[in-house]
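Trainee: Listed here are the chains, written in short residue letters.
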Amino acid sequence: MALLTRFDTPASLRDLPAGSPFYDNWHDFIDLELAPSTPGTNFGEFYDASDTDVNTLGTHSLVWMAFPRRVLMPHRDDRLAAFVEAERTPGGDIGNRNVQDEYCEWRVERNAAGKITRVTFTTESPEYWEALWAVDRTRVVALYRSLVSPAVVEADLHIGGVYQRRNRWNEADGIVHLMQSINTLRAALGLAEGSAMTPTTQITGVPPPSPLPTAADNYEMPAVANTSVDPRVKYDVAALVRKPLSVTLREPIGLYIAGYDDTGWTKPDGSPVGNYWKIIRGRPGQILRLEYRVPPAAGFVVGDIRIGGRRIEWGGQIAEHVTVTAGGIAGVRP
Amino acid sequence: MEAKKKTRSKKQSNQAALTPLQHLEPLELAIQPQAAAAQLNRVVDTLGKFLPKLPQGILIPALSGDPGAEIPGAEPEPVYALKARADIQGNTIPGFNKDHQHFLFFRIQNVKRAKAWLRWIAPLISSMDDVLTWVRAFRALRLRLGTEPPMCATWVNIAFSYRAIARLVGKADALLFGDESFRQGLAERSTYLGDPTRPSNRGHRSRWVVGGPKNEADILVIVAADDPEDLVTVKDSIKERAIRSGLRLLFEQRGNTLPGDLHGHEHFGFKDGVSQPGVRGKVSAAPGDFITPRYIAHSDGRARIFAKPGQLLLWPGQFLLGEPRQDPEHPYLSAPPASNFPSWAALGSYLVCRRLRQDVPAFWKFAIAAGSSLGMTAEEFASRLVGRWPSGAPIMRTPGADNNALAGDPWANNHFIFNDDTRASILRPIGGYAGDAFPQASQDMLGSICPHFAHIRKTNPRDSATDLGKPDDSMLRMILRRGIPFGPPVVGVKRPSPRLLKQERGLMFISYGSTIEDQFEFLTRRWSNSPIQPDFGGHDPVIGQRDQRGDRTRFIDFPTPAGPRRIHIKNEWVIPTGGGYFFSPPIRAIRDVLGS
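Taken in sequence, the protein lines are chains A and B.
Everything in the first sequence is counted per my numbering, starting at 3 for the first residue and increasing by one.
Everything in the second sequence is counted per my numbering, starting at 311 for the first residue and increasing by one.
Looking at chain A on its own, in the form it has when it is part of the complex:
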């Protein structure tokens, strides 16, 4: 298989005209983040598809829950408490995106009665917006205006010309891209790449010897973070690498919303809800920005909908039915 000639933008977005240097810059960003080959156990590897030629044998999509497992598990006996924690900033009600650490963040909007009217999810990386900013600030401002508010002005988005990830319109007053400190594409790439080499072991209960032996299967993997995404990526990449296979992320590299399941959601009259999901950025299978909002003509709002008989009061109730994905491919060197 031929080398990849250019890393594409997430979901092949075309926020700037073809020919813009932005696209080459984006390629370079990904290319520089990935080593040509990160050797793993049993001579498997994680590779950069623009540097290393591999014959693809199969694909494997990694999928995980958008709602933060790190918040859910301490509240395993009180789900409501988890929903509250994932949304309510201490002392405020603007959304606790600081704990939404599964590479998916959401923002809740409510009406005067406190009912939810819209929930917006994003998996867009801050690096993409920084890269866009570096080439065309005007376009960034225009996108912010269309996604968040016509009131956005350029000065809101930077300090001394440096784009601010936690600007007003991506924190207190809106959501455009991920802002939680480790929700970055760089971190995701590092997680995937670093998963190639994974030592063992926890099931024997005795201190592991040195040097560390290789995990023979997932029951021998070392403890990892209590999120959904970290073990999902670590275990799957490590397992493919030790086959041994050459593994990388599938083009276009990105973090995507894979699915959303509104089975058993009902309108106030008890009938099934309509399709109130709207893909704002990306495309089916590669969704970057997703909105859940009831059309005004319906005569009710999101907060009137029931999920399995329970009224939607928190964005987390929706987030636990949203899944995030990153595509993987595996193969062998020619």
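Hints are all accurate, no fakes.
SDA-like mimics (lysine to any residue), calculated; alpha carbons at most 20 Å apart, straight line:
(1) K269/A x P509/B
(2) K117/A x R313/A
(3) K524/B x G311/A
(4) K269/A x Q858/B
(5) K269/A x E498/B
Keep in mind the hints are simulated off the structure, nothing from the lab.
Here the structure of chain A is known, so what remains is to put chain B in place on it, guided by the hints.
Mentor: Relative to chain A, chain B alone:
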């Protein structure tokens, strides 16, 4: 790590971008009922010829203290002394496992009289101690005789809906049950479980024989017996006394294991219940006196997490309220018990009952048509849907053909993982057992042997990471299954008559757990009903339900050498027809709290 190139190269073309392997064109199935009838007859006749018996001469040791089963330095497991054993209902742990069972669904009409009936039935309720003592005696006798001993027992268990508990002890106490799904009940959660949303659909909750919005049961009594006559005597006695006490019998259902070589199989013809978690805990403080026998040698590190090959050990709080639970981040350490229940409910368990009708002809007609289109026999194709061959032998260990000897070997028939090659277990000595000599399973991370949609892979991903992360999390989702078939079998019947084919049959699905939402509902909605969780590949084609605004079409991406082939499933063969969410209380609470 190789040195990274740092030169920024300008690359203009995207033409050679990596292309993911493409799906083949969807497979269009044409199922002609008439044309398929002959094939169906052949298939159902062929099924039912199994000899998955224990290999000759092997004597499963009687359960008793076995000092060699203790792992030095392991976290101590709770001891269930007589008082606790007499309190825990026996169908939860260790399980009735009887060939004949009867299910009685009652509605309380008069609380005072219902309480009197509860005080009457309380001494009849079979405890963990009753069942375990019997099982131990049975096994000891089998060890002595070298054959199945002629022992019979009849057992009774009872469970209550949230509504019943609220009526019997007051709403304030009932509200202390933290499981919101239990408080809501199965009918309210039905469409969330993917059940039909259209009232015209035969599986819609409004059409259920019990457990629908207008016929929810308050009390479920389960009677189980070795002898069918004993069963009838005891259930008639309970029923008669209940009706005299003002309880209204909403529905009753007889269940029987299938006859002959189909014993232990469900109506589609597949061996059921092969994989069950093992419950940690001890019967006494004596060394090695475990509830679940331990067969793996200490020299094999997996002895810490498996009781026998493939049988994961779970802390009892996963099934009994108030007991130590699984640590969400670790495969063998415990976590503190739950506390979101009234104090009198400790040692009780949530019970999920689903009466699932099985349309056997529909299932096999689909398998015949799809298998034929893919160049496979119906049995081969259907076994891929299940993940096991009809005998119970796992596809992972015998991909090419069924293997009755493997199916009958309890130390081999559940020993496999998905993501890596399975390594042989090192077993402690088992008299007469030469060891697991069957070929071990090869890794199947991409689901080409046991597809990601296969029922056993959907509901038990084993070593695989999932949408909730590591396999340790999957251990939190496991349930104790205690189901039994109902209705006359059709598999194994030569040229079944139209009348027989039309008769109702299915599974009385019964499960126990310490949470309904995070165990039964999680497995059902999040994994079986989802085409992308825990992995992409399609819906669970056996029990999965889907209702997207009335559209009930499911699909599977069937692996072929040329790539996955999408097959849409328009027919349904598992139809919900009743059930309920219940709580199976500790026995003393039946008399002292609910009946007081």
